[in-house]
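Chemist: As a plain string of letters, each chain reads:
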Amino acid sequence: MALTASSLFPSRPVVSSVRRRKYWRTTVLAYAFLLPSIILIATFHLFSIAFAFYISLFNWKVIKGAFLGFTNYQVILGSGDFRAALATTAWYSLFTVIPSMAFAFFAAILLSRPIKGLSFYRTLFFVPYVTSSVAAAAVWRTLFRTDGIFSSLWKWIGVPSPQWLNEPRGIFLLLLQPLGIHLPHWAVGPSLAMVCIAIMSIWYSQGFDVVVFLAGMTSIPKELYEAARLDGASEWQVIRFLTWPLLLPTTFFILVISVIGSFKAFNQIYIMTNGGPAGTTTTVSLLVYNEAFRYGHLGYASALAFLLFGIILGLTLVQFRVVGRSARTISG
Amino acid sequence: MPITVRGTKVTLWHTQSGPNAQLLNKIVLDFNKSQSSYTIAPEYKGNYNDLYQANLAAINAGQPVTLSVAYENQVAAFYSSGLVVAWDEYMNNSQIGLSAADKADFFPAFLELGKFPQFGNKFLTFPFAKSLELMWYDADMVKQAGFDKPPATWGDFKTQMLKINKTVSPAWEFSADASRFATWVFSRGGDLISPDGKTLTIDTPEAEEAMALLAEAAKAKAVRAPQGYQSETDFEQQKTVFYQDSSAARSYILADLKKAGKTFNWTAEMPPVGKTGQTPRSDLYGGNVCLFKTSADAQRGAWAFMKYFSDTKQTAAWALGTGYVPLRKSATETPAYRQFLAENPRNSVAIDGLKYPGNTGEPKVAAWQQVRDILQSMLQSVMAGTAQPKQALAEVNQKANNVMKTS
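Going line by line, the protein sequences match chains A and B. Count along the first sequence from 1, add 1, and you get the number used in the working numbering. Count along the second sequence from 1, add 95, and you get the number used in the working numbering.
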C-alpha cells in the first residue's frame, strides 16, 4: 500500500469534524445567549421603527386613515413650521455643543492636575449628568422665573431684569438694540428663552464631556509632556500644540455624540418652556411630540421623526467625512 | 382605588388628583353601592394631555375605555373617527333619560356646550368639571388708586390698569393661553367660530380691540404673562392687581393666603364688557366626559353614573368640594351650598355669572388644540412687540383655517 498523506494522518478528517462541531456549538451557544437581547431589540426597537415608518405613510389621525404614500414627507418639507423648528434646533445645537465642549476641555485640563480635593471636584462636575434631566430642568425653570434668583441678581445690580424664559426676542437683538444697532429679522439670533435652555444644557452635559476628555488625556504618553517641558514649552504651548491635537479623536467623538444629542433634545425644552414663548424654542423633537401627542396627527408626526432621523444621520456622516478625517490626520 | 366588581365594569379615566380625586372616588363608591348592575372604576391618568395620550394608545390598541374625561376638540376628533357615541340616545330616553324638569334645571350653557353643530348638534360631551373665567381684583389697590369699583367695561379697565401701573407694575397678569384670548373676544360680544362650526373667525373687530389693548399695556409695561401659576402667586403676594383665571382658582387662592397668613380685600367679577349695557359673557371651560363605543351594557352603565353624578345632591357636593361650578341651578339652593355662599360670598360671582345666557366655550373642532398653540404664540409675540396686532390676527386667522381644512 502506497503511503499517502491521508494514510499517514488518518485522524485529520476527525479533527476537522470535531472543530466543526465545536464551531457550531460555540456559535449556537453565542446566539442562544444573544437571543433574549435580540428578541427585546426586535420587539421594542426594530418593530417599533418599522411600524412608525408604516404609520408615516398614512393619514393616521387618532386612527388609521387613507394611504398617502410619501405625502406626509412632502407636506413637512414645504411646511414653514418645520423650517422654523429646524432653524431653532440648529441654534440650540450651536449654542450648546461648542460652548459645552470648550468649557469641558478647559475643565478637564484643570481636573487633570494634581490639585487638592481632585476627586471631589471631579464628582462635582459629574453630578449634574447623573441627575434626572427633568428634575434639573424644573429647578432651572425656577431659577429663571421672573421672580427667581437671576432676576433678583439683576435687580440687585440695579439693572431691569430680562424676561428670561418668557422672552421671545432674539439674543443679538437684545444685546445690540440698546446700542442703537438695528438688526434684520434673520440676524436677531435665538430667543433669550432658548439661550436660557442652552445654559442649562451646557451645565448638564459638562459631566459627560469632562469625563471623556479626562479619559482621552490619560492616553497621551507622559513622556511627550516631559519632552515638551524640557524643550521650554509654556503651559499654553503644551495645551495648544500637544494636548489639543492629541485629543482631537476624543473631541471628534464628543462632537458627534453632542450634535446627535442636541438634535434629539426634548426633556429640558419641554419642562422649561414647552416650546414657547411665541414658539421660539419649538425644536423638531418638540414638534414631533406636539403633532403626535397633542394634536393626534400620528402619521405626520412619524414622518417628522423619520426626517429628523435622516437629518441627524446626514449630519453625522458629514462630520465623519469632514471633521473625522482631519482629526485622524492631525492626531497622527 | 380598590373596587369589587359587581355587574358590568365601566372604567372612567379622569384627571382629578388629591382631595378632588378622593371626593370623586366617594361619589363613585356611593353610586356603586346604590345599585348592583354596574361598577364604575375610576382611574387617574395624569393631566388632560396625559389622558389624551392614554386614550390614543387605548384606541389604537382596540381597547378604549367606556368613559373618559376630554376636551371638546378632542371629542370632535374621536367622533370624526367613529369612536364615540352621542349622549342623546340616553339623555332623551323616556325611561332612563333626563326629564324635562331635569333639563330645565341644568345651567343652559352646559347643555349647549355639549352640542356639536358640525355633527348635526349631537350632544357628545357631558359636563364634568366646569368653571368660568373671571377677572380677579385686588380691591384694596383699586380703591387706593381712587376707583370705587372694579371696571365694568374694557375701556374702564384700561384706564384703571394704566393708572394703577404707576404704583404696582405690572398691574395686569395672566398665563398666556388661548382661553384668555377667548374671554377677551367673548366678553366684547365676539365669537371665534361661525355658527355652522366650519370657519374660525379669529380676526374680528372684537379680537382687534382686545389685541390693541394688550399691545398698549405691553408697551406701557403694565402686563405680564409668566409661565405656570406665577401670575396667581403674584396676585396673592399683591405684586399685581388684575389677574385672569378660572373661577376654580378661588379655593387655591384662599388656601395659599391662609397658609401665608396674608389678608387683603380681593374679589372676582365677570370680565369687563365691550360697551356699557352689554351683558357679561365669559369663557366656560373645564373637562367633560365622552362615551366611547364599547358594549351596549357598559354604555348604559356609563350613562347611569353620569345621570347620578349630575344630580342635585352629587353636583352640589362636587362643586363644594372642588371649587368647580355646580351643573344644576337646584344645587345652589341646597342648604349646604347656601351656607357655603353665605360664608364665601366671592363664589356667588361664578354662580351668578352662569346665569348669563351668552357664556360659551371655545370652538369644538378637532383643529382647536393646534389653533390654541398658534394663538398663544401670537399673544406672546404681540406682548414682546415682535408682531403687530392687526397683521398678526389676519395671519393667525389664515393659519387657523388652514389647520381646520387639514384636521
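Keep in mind that a hint or two might mislead.
[Claimed, not checked] Selected chain B positions facing chain A (in silico; Cβ < 7 angstroms): (1) A149; (2) S472; (3) Q475; (4) Q483; (5) Q486.
[Claimed, not checked] Listed next, the in silico DSSO-like pairs over lysine-lysine satisfying Cα-Cα at most 30 angstroms (straight line): (6) A/K156 - B/K261; (7) B/K121 - B/K353; (8) A/K65 - B/K353.
What the hints contain is simulated information worked out from the structure, not anything from laboratory work. Computed from a predicted structure; not experimentally measured. Note that beta-carbon positions come from the ideal geometry of N, C-alpha and C, so glycine has one too.
Chemist: Does each hint hold? Answer for all of them.
Modeler: Quick rundown of the hints versus the structure:
With a least beta-carbon distance of about 10 angstroms to chain A, the hint placing B/A149 at the interface is violated under the 7 angstroms criterion. The restraint placing B/S472 at the interface with chain A holds, with a minimum CB-CB distance near 4 angstroms, inside the 7 angstroms limit. Because the beta carbon of B/Q475 sits about 4 angstroms from the nearest beta carbon in chain A, less than 7 angstroms, this interface hint is met. At about 14 angstroms, the closest approach between the beta carbon of B/Q483 and any beta carbon in chain A exceeds 7 angstroms, and the interface hint on this residue is violated.
Interface restraint check for B/Q486: the shortest CB-CB distance to chain A comes to about 14 angstroms, outside 7 angstroms, so the restraint is violated. The straight-line distance between the Cα atoms of A/K156 and B/K261 is roughly 18 angstroms, inside the 30 angstroms bound, and the hint therefore holds. With a CA separation close to 27 angstroms, the supplied pair B/K121 and B/K353 stays within the 30 angstroms bound. Note on A/K65 and B/K353: the hinted pairing is violated, with a Cα-Cα distance of about 51 angstroms set against a maximum of 30 angstroms.
Checked against the numbered hints above, the structure violates hints 1, 4, 5 and 8; every other hint is satisfied.
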